[in-house]
Structure formats: C-alpha cells, structure tokens
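Peer 1: Given next are the chains, with one letter for each unit.
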Amino acid sequence: MTPKRLNQRAMLCALLCMVLSAVLVSLPIYHFEANVYTKRSGNTFTGDERYLAARAEVDALAADYRARGIETEIHEEVIERLNSKGDKTSLIIFTVSKEVLCSGWDFLKAGFPSARWLIAMLALEALALLCGALGCAGSLNSPWRNVKGSPRMLRRLAIALALAACVAAVVFALYTNVIIHRQISLYAAGVASSPGDRILTAADALIYQGAGGADTAQLLKSTVSSVLPQWWLQLPVLCGMALCLVLVRDGQVARGVTRGLLYASVIVMCVIILYPFVIMFTSAFRTDAEATDVNFQYLFPVRWMWENLSYILGRGVLRYLLNSLILSAGATCLALLCGIPAAYAMARMRFKGRRLFMGFVIMSQMFSPVVLLVGISRLMINLNMNDTLAGLVFVNAAFNQAFAIWLLRGTFVSISPEMEQAACIDGCNSVTALTRVLLPMAAPGIVTTLIFVFINSWNEYTISTVLINSDINRPITVGLTQFAAFSMIQWNYLFASSLLATIPVVILFMLIEKHLVSGLTSGGVKG
Amino acid sequence: MNQIPIRHKWEPYLWLLPSILLMGIFVVYPICIVFQLSFSEISRSGVVGQFNGLSNYITAVTAPEFGTVMLNTVFWVVSVVGISTLLGIVAALLLNAEFHGRKIARSIMVFPWATTLVVQASVWKYIINYEYGALNNTLLNLGMLTQSVNWRSTYVIDFVWECGIGIFVTVPFVTFCVLAGLQSIDDSYYEAATVDGAGFGQKLRHLTLPLVRPSLTVSTVLNIIYVFNSFPIIYTITRGAPAHKTDTLVTYLYMLAFSEQRKGPATALSVVGFLILCVCAGVYMILTMRKEGDE
Chain A
0 MTPKRLNQRA
10 MLCALLCMVL
20 SAVLVSLPIY
30 HFEANVYTKR
40 SGNTFTGDER
50 YLAARAEVDA
60 LAADYRARGI
70 ETEIHEEVIE
80 RLNSKGDKTS
90 LIIFTVSKEV
100 LCSGWDFLKA
110 GFPSARWLIA
120 MLALEALALL
130 CGALGCAGSL
140 NSPWRNVKGS
150 PRMLRRLAIA
160 LALAACVAAV
170 VFALYTNVII
180 HRQISLYAAG
190 VASSPGDRIL
200 TAADALIYQG
210 AGGADTAQLL
220 KSTVSSVLPQ
230 WWLQLPVLCG
240 MALCLVLVRD
250 GQVARGVTRG
260 LLYASVIVMC
270 VIILYPFVIM
280 FTSAFRTDAE
290 ATDVNFQYLF
300 PVRWMWENLS
310 YILGRGVLRY
320 LLNSLILSAG
330 ATCLALLCGI
340 PAAYAMARMR
350 FKGRRLFMGF
360 VIMSQMFSPV
370 VLLVGISRLM
380 INLNMNDTLA
390 GLVFVNAAFN
400 QAFAIWLLRG
410 TFVSISPEME
420 QAACIDGCNS
430 VTALTRVLLP
440 MAAPGIVTTL
450 IFVFINSWNE
460 YTISTVLINS
470 DINRPITVGL
480 TQFAAFSMIQ
490 WNYLFASSLL
500 ATIPVVILFM
510 LIEKHLVSGL
520 TSGGVKG
Chain B
0 MNQIPIRHKW
10 EPYLWLLPSI
20 LLMGIFVVYP
30 ICIVFQLSFS
40 EISRSGVVGQ
50 FNGLSNYITA
60 VTAPEFGTVM
70 LNTVFWVVSV
80 VGISTLLGIV
90 AALLLNAEFH
100 GRKIARSIMV
110 FPWATTLVVQ
120 ASVWKYIINY
130 EYGALNNTLL
140 NLGMLTQSVN
150 WRSTYVIDFV
160 WECGIGIFVT
170 VPFVTFCVLA
180 GLQSIDDSYY
190 EAATVDGAGF
200 GQKLRHLTLP
210 LVRPSLTVST
220 VLNIIYVFNS
230 FPIIYTITRG
240 APAHKTDTLV
250 TYLYMLAFSE
260 QRKGPATALS
270 VVGFLILCVC
280 AGVYMILTMR
290 KEGDE
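Residue numbers (numbering that gives the first Met the number 0), protein chains in the order written: chain A, 0 to 526; chain B, 0 to 294.
To be clear, the hints were calculated from the coordinates, so they are not data collected in a lab.
Any given hint could be a false lead.
Each computed DSS-like pair below joins lysine-lysine, with the alpha-carbon atoms no more than 25 Å apart [to be verified]:
hint, chain 1, residue 1, chain 2, residue 2
1, A, K351, B, K8
2, B, K8, A, K513
3, A, K38, A, K87
Interface residues of chain B toward chain A, partial, derived using beta-carbon atoms under 10 Å [unchecked claim]:
hint, residue
4, W123
5, Q201
6, T266
7, G272
Even glycine gets a Cβ: it sits at the ideal position worked out from N, Cα and C.
Could you put the whole structure together from the sequences, leaning on the hints where they help?
Peer 2: This is how it looks when you write it as structure tokens:
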C-alpha cells in the first residue's frame, strides 16, 4: 500500500474516532436516580386517612423542593399483605426522587472532576486528526510536502494519539463511576472528606442545576444516588476504534484482527497476574484501619505508611530475613558441594549402577518432604538438630539434591569433553579437570542451579513450621505468619513482610527464567 | 565418547559419596522411619511402642473424614493440574507470538511462580474477604457491584477458591515448560504447513500439540506431584475447616500429626501418600529414561 493511501486511512480513522467519541459523549447514557426522601406508610389501606396523611406530607415536601427549583417526582410502591384478621392491607412506600439523564457534555458543564479526562480525550483526538492531516498532506504533491517530520512518522503519531484518546475515554468513564459510586456516598456518610467540596458542588450542578446550594451536602446525605453510567456501552465502540487503528498500521484485515486480539488477551492476562501483587504492595503501606475498612480503601493508600517497614523490622523480621539468608545460602552451598561431584561422575564416567543411581535421582525429585514430615521431625530429634537452622539446611539441601544433580548433569553433558580429555592426557587428574576446565565453562548452568536451589529453600515453608519452634530461628516464610494469627490478622504488617520476602526472589527468578526452563524440560536428557 | 579415563574402579563411587550420604540420611532414612512408625504403636506424647501390625492403617482408613479427604485430594489434583495445563498452553501460545513487550509479559508471568505459597495464599485470603476484601472493594469502585458479595459463603466455595489459587500459581510452570517446547520447534514446519494451506486450527492440532507433547508430559507429571504435595494454600486459607471437609491428604496428615497428636494414623497416611507418589514417580522415571534411551 502506498504511503499516501495509508496516510489517508490514518486521517480517516482519526476522524472516525473523533466523530464516534463525539456521538458517545453526546448520548445521554448516564442515568441518575436521586432518592431525596422516602416515607413508609405503615399498615394502611390505599385511600384511607393514614394513606392520605402520608401522601399529603410527601406532596408538601415535593412542593417545597419545587419552590426551590428542584423538580421531583413521587413514586408509590405498594406491597400488599394480610393482617391477623385476614384483611388485605398495604404497606406503601413513597419515594420522592429526581431522575436525571445526562451526557458527557453535562459532566463537562457541571465541572465534574472526571471531565478533565474528557477534555484530554478531545484534545488528543484533535491532535491525532491534525497529525493525520499533516501526514496526508506530506505524502501529496503539495507545498506541505516539506513540512517537518516524515508522513510515516506523522501517521504513527496520529495512531498513538488516537489510541491514547481511547484510553482517556475509558478513564473518564471509570473515574466518573468512582466519584458517583464511592466518593459522594462516602462523603454523604461522613467518612471521606478529601476532595469533598468540589465534588459536591459539581454533583449539585449536575443533578439539581445548582439549586441545592448550601444544602447540597444535606440533600445528598438523604440521597441514594443510584447511577447507571453504562460505560460498557463504550467498550465495543472503543474496540472498534482500536481495531481501525491497528488496521491502518498493518494494512490487512485478518492480521489486524488477530494482532488486536493478541494484545487484548496479553493485557488481560497481565492484569490478572499482577492484581494480587498490586494489592499486596498497596496494602503493605496502609494503616491497619485503612486495610480493614472497605470505606477507606482507595486505589492507593491515603498516606504511604513507610513506617510499617520499620515496625516489622523491629518485630523480628530482620532476624527472619537473616535466618532465611543463612538457611538458603547454606542449603545451596551444601547442595552444590555434594551435587557437582555427583553430576560430574554421572556425566563423564561409566560405572556399574549408573542407571540405578540415575533412576533414584529422577525418582527422588518427586519425594516431597511434606509426606515425610513425621519421619523428618523424628530424625531431627534423634540427630539433636530439632529447632536449629543447621537441621533445615541439611533437609533443604537433601531434598533439592536430586534437582541440582539433574540440572548440573544436563549442563555438563552439553559441554564437549574434549578439553578435559586433553587436560587428562597432559597429566591432570579428574579433580583438576573438573575444577580447572569444566567448572569455568559450566558457570551459567551452575548459576542457574544455584539460584534455583536458593529460591526453593527461601520459599520453603512446611518443614520449617514443623522443625522450628523458637522465635529466633524462624525463617521469613514462617516468621511472617506471626502477623496472621488465625483470628486476628494484621494485614498491613503481613504484606509488608511478604513484600520483603518476595522482592529478592522475584528478581532472582527473572534472571534465570530462560535457562531454568530449558534445564527443566530438556537439560537432563541430552545424553 | 564423552567419558574421561578413570584411574580406579571405585573412583566414580567416591564422587557420588557425599551426595549419597546426604540423600541417604535426610531422604531415605526418614522414609524408613515413616514405614517403621506406621506399623508401631505411638502414644500421644510420641513414645514409640511395639509392633502392632496394620492397626494404624485401619484407624486411618476407617476415620469418618477419610473418604472426604481422599475425594478432595483427587478433585484438587485433577482440577488444578487439568485446568492449569489448559490455561498454560493458551498462555504459552500467546507468549510465543511476537509482539511488543513480550519480554515484559514473560517476566510478569514469572511472578506467581516465584512467590512463596504462604504469601500467595495470604494475599488471596485478603482479596476474597467479605468485610474488607480487595475484590469487593475493586468491583465496588468500578461500579460493577452495588454491595459487597460474600465470596466465601460455604466450604464448597472455599475449596473451589483454593483450587483456583492452586491454578493461579501452577499456570506459569506449565506455560514455561510449553514455551520451551514451542521455541525448539523449527519455523520451517510452519512455513511448509502454510504453503500446504493449513489453517491456524490445523497447525495447532497436527503440528504444535504433537511437537510440544514431550514437554507437556514432563510438566504434567511434575505438576501432579507438586500439586499433590501442595500444603500452604489450604493450610493458610481454611486449615481444612470445617471438620476436615476442605482438607487434602497432605494437610490432613499434617493436622493429624502435629495438631491432633495422632501420630500413628498420620504415619500410616504418610505411607499411603508416599506410595501414591512412588507410582507417579515411577511413571515419570520410565518416561524420562525411555526418552533418554531414544537418543
């Protein structure tokens, strides 16, 4: 496709975006129902004195509002029921309410805080259109040809700006929702106070055309705003827009659709995966009250409680981290010290019982310490290593041994033995062949194994809960549960210590991810 | 020839010795202890009495909760391994495609795998809490809910949540195993298939899946064992409550041995669990050794 055609498409798309969002913003799809007043009639018959009294009261109230410029409607909800004598009576619920249908422009007019995003969206789209037009002009034979920036770059810029406008539209819808749903009701309930006044004024302008005035807070207090901002209506439109833009980029329909779907599913997947981690991270810096009260929780903590970290460090977490470090480092060293020679023998020597040992190694990868807990705890008592870090070091090293041998053997086998054979001819013995020749070459594989064993020992929980009783010897996985007594959980401290326990491991894991996988599936079977 | 000369017949065994000692003492010996204990009388205080035949096994198997626990275990393993394998294949296919930010997406995928299960389970316990849980909070904020939902109304739902969390933490492992398999497939196969006019579905069924089957087999067998042994999720979220109705074999065994101090039946169950593992491990060993023999 010629650049000219592509640029025309980009401009068309930007134009389409603009028209669509203008239509979308103008649609009165935001539905408010502000229940100003509710009166229950008690046990009554429709049309009798009690009914009339209640009705008159409600009428007077509605007239009062009308006098102030707030046009309300009265709804009657009749619930029939049988009294003890078997007569049919009714419970009548009168609701004085005001229904408002508004479009995006109304939010803008009322100065709603979320309307800033609307402005941003419109500005971005205008810019996209401009860029598209410039790009289009640039690829024509016109004086504009010499405009700064190539048509290609301008096209890309137009696409990026239009996509950003799509994002701004979603943010506008979500933010409006948050304000209506949570902020106003929290403010009316007297819980939140932060950006209250501005939101109240805007809400007043939107719902009561400013007639609420000084009483707005009072009005909203008795108001149950049920808002139906049907923002999901925007989703198909936005998807359509995004799709158009992807099409411009790739020029082919089928490819464009699959690309769009691919990105969408990857984003959804990442959001789901990151969700618990975001929760952990934000909750770690909330106050206790904030973490355990649904009314207080915003996306981010109101105030970042960095002192949570110093508090948990004072509660022994530093010691637990140190224990974990000692434990994992010890187990890693031991596993490698025993594992490297074994893997070396398995990879380079031929002897009786090699297959038997191999079978044993493969099988013992499967033995989890959990099933053998009773046996291990008894063994530790016999060895006098109960409640010591040393005991944990041995157990972790032993249970990671098979895996270490497996990974190391794979690495060794994948390295050609010629160098060592040459070294042996030159008079090296097998020990020097290993230490001087093989180990330096196998360093990446050894590092992978090392980190893997380290992480496994760091994350180990079950054996430690059984073997360790005294507080001073606890590794972090066990130590952090002190904030999670079954009845009373201090979530913020729990998550703060979880954060400290998690971050180093995730970083280490990212480093070896690539090597680990090949080691897991094929490392051991090349030979 | 990839051997190096050996000076003495016993030299290889010397190389193996530290490893054998370590595993012998801390892996094999506990197995023996468990076997021995399962046939002996054990008092509540842990004193080992004399041989009493199969009575520990009989006590363990005839306990009223044994049936539920075994059923839970089967459900737990089958659902977690099955669903996470499916999701893992999908995720691997996604991450194998070429797109901007693929590296970042892969790093993100590592997160659930790298985090210790206690932490994962605690976070999820917080998320699904009724009064102040993050899930309710998020959905309320987005306006998708108008009032909090009790996500943990019955123990069955609790157990389903536990399975869900199990799936969440297991998917990355499958994904990376399949991904490794996918990356080793030569592009020329796909080119040939495209030339022959194969669609996406046909390529997936006749090309991709058969070629990643070896790594899928390995990951499935390993997963069966990991999931079977998985302890912290259930222990953190419900502790098997109410009355062992959400326990699997492993958590039940832990409860018997260390909370209820009934070590006899617990060791008998250990042996049962160990034998189940041995069967799985045997299958794995045969698969691996056969593969090795092929090459």
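Peer 1: Could you run down the list of hints and mark each one as holding or not?
Peer 2: Against the structure, the hints come out as follows:
no.: 1; hint: A:K351 <-> B:K8; result: 9 Å, holds
no.: 2; hint: B:K8 <-> A:K513; result: 39 Å, violated
no.: 3; hint: A:K38 <-> A:K87; result: 20 Å, holds
no.: 4; hint: W123; result: 6 Å, holds
no.: 5; hint: Q201; result: 16 Å, violated
no.: 6; hint: T266; result: 5 Å, holds
no.: 7; hint: G272; result: 4 Å, holds
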